[in-house]
Amino acid sequence: GESVGLHLPTLSVQEGDNSIINCAYSNSASDYFIWYKQESGKGPQFIIDIRSNMDKRQGQRVTVLLNKTVKHLSLQIAATQPGDSAVYFCAEKRHGQNFVFGPGTRLSVLP
Amino acid sequence: DAGVIQSPRHEVTEMGQEVTLRCKPISGHNSLFWYRQTMMRGLELLIYFNNNVPIDDSGMPEDRFSAKMPNASFSTLKIQPSEPRDSAVYFCASSLGGADGELFFGEGSRLTVL
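Line order of the protein sequences matches chains Z and V. One point on numbering: in this note's numbering, the residue at position 19 of the first sequence is 20, and numbering is uninterrupted. One point on numbering: in this note's numbering, the residue at position 10 of the second sequence is 24, and numbering is uninterrupted.
If you're looking for bench data, these hints aren't it; they were derived computationally from the structure. C-beta atoms are modelled at their ideal positions from N, C-alpha and C, and glycine is treated no differently. Take these hints with a grain of salt, some might be off.
Unchecked claim - Here are some, though not all, of the chain Z residues that point toward chain V, as calculated from beta-carbon distances under 7 Å:
(1) 43
(2) 45
(3) 79
(4) 80
(5) 99
(6) 102
Chain V on its own, in the form it takes in the complex (with noise of 0.2 Å):
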């Protein structure tokens, strides 16, 4: 079976950019969490979906991130504009149970703001 899927695997842009991840969960979960992971931080948890809606969006850093889960099978984080700073992996991960299931981790989108 697939694992969960994320695009692009590396993107390199430009600051002021807009950068679009995407991320396709594990047919069947029903919750759905980005993650950044940093040298300096390790992984932080950006926002949590359960059931299609935001349910805990508290570590997204500030209004330049959004994400996004139109449907079950979807998902979207982005960035506008893009700084420096926001470089890093991003991961995207499902679970099945809400917030007590085991995590399944997609491979991550390596982000680098120029």
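So that you can see chain Z by itself, here it is in the shape it has in the complex (with noise of 0.2 Å):
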């Protein structure tokens, strides 16, 4: 697969289990944050998006929860499968700035 972190965070789930990938931001002041998939070999690819007027967002399958008291954000993925397993990344950014990557998240789909 492509370059990304040697130590990245790894969540292992079954088949049909529900996923929750976790992540913290730093800046108090972002208000836009966007969950992006990156499979093997491919370029990260955009999943769901919340701003910061909003707690929760849902998709197909997936739903985005953010808690800016706490400054985190979680992706979760209903019924995961095997084509979810790729490296998650939440984007922070500020209006007028560029986005901010997280280390992301090794999403592991056991059988």
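Two chains, two frames, some hints: make the complex.
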């Protein structure tokens, strides 16, 4: 696969179970957040986003939760499938500034 | 619709050689970003263009790195001379909306400098 952190946190889940991937962000002024999925050999791909005026947003099988009090973001994947195996990055930004990416979490789906 | 297109996908070169990476952003996007991804540092922003003008190049490692965007549909990232520590995956991304838009990434160019 492509270069990702040697010491990436890894989450292993059974196929069909729900996954929760967590991210602590650094800037309390950040107002826009995105979760990206990166499969081996590919570029990061947008999954879902959320703005700071919301605390929850749902997509297809995915939900993002934002807790601004503790600067925490989570990605929930329902009924995890083998195709969900990838590295997941959270990205934060403040208006007018560039995205800052987290180190990533590797999700491994067990059969 | 075609996404962000990068070339080459893989490049192996010897230390001291010039490397040129190419990127075609999504048509209509007005912002283009070059990122570098390594095992040690993750995704790092190197440079960002808005309407073909470099806005922030503070992430460019040193003078050996240069980037150009001669028109809205093409950008290059050049390393001259290359060094082994430049080995990484280089991603180009584009967005509509300047620094506030969602980033669309290419598949990356994997560079190995021997």
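Against the structure, the hints:
1. For residue 43 of chain Z, the interface hint holds, since its Cβ comes within 7 Å of a Cβ in chain V; the closest pair sits about 6 Å apart.
2. Annotation: interface hint on residue 45 of chain Z holds; nearest CB of chain V at approximately 5 Å, less than 7 Å.
3. Checking residue 79 of chain Z against chain V by beta carbon gives a least distance of about 23 Å; that is not within 7 Å, so the hint is violated.
4. Checking residue 80 of chain Z against chain V: minimum C-beta separation of about 25 Å lies over 7 Å; hint violated.
5. Hint status for residue 99 of chain Z: holds, given a least beta-carbon distance of 6 Å to chain V, under 7 Å.
6. For the restraint placing residue 102 of chain Z at the interface with chain V, the shortest Cβ-Cβ distance is roughly 4 Å, inside the 7 Å limit, so the hint holds.
The structure fails hints 3, 4 (numbered hints given earlier, in ascending order).
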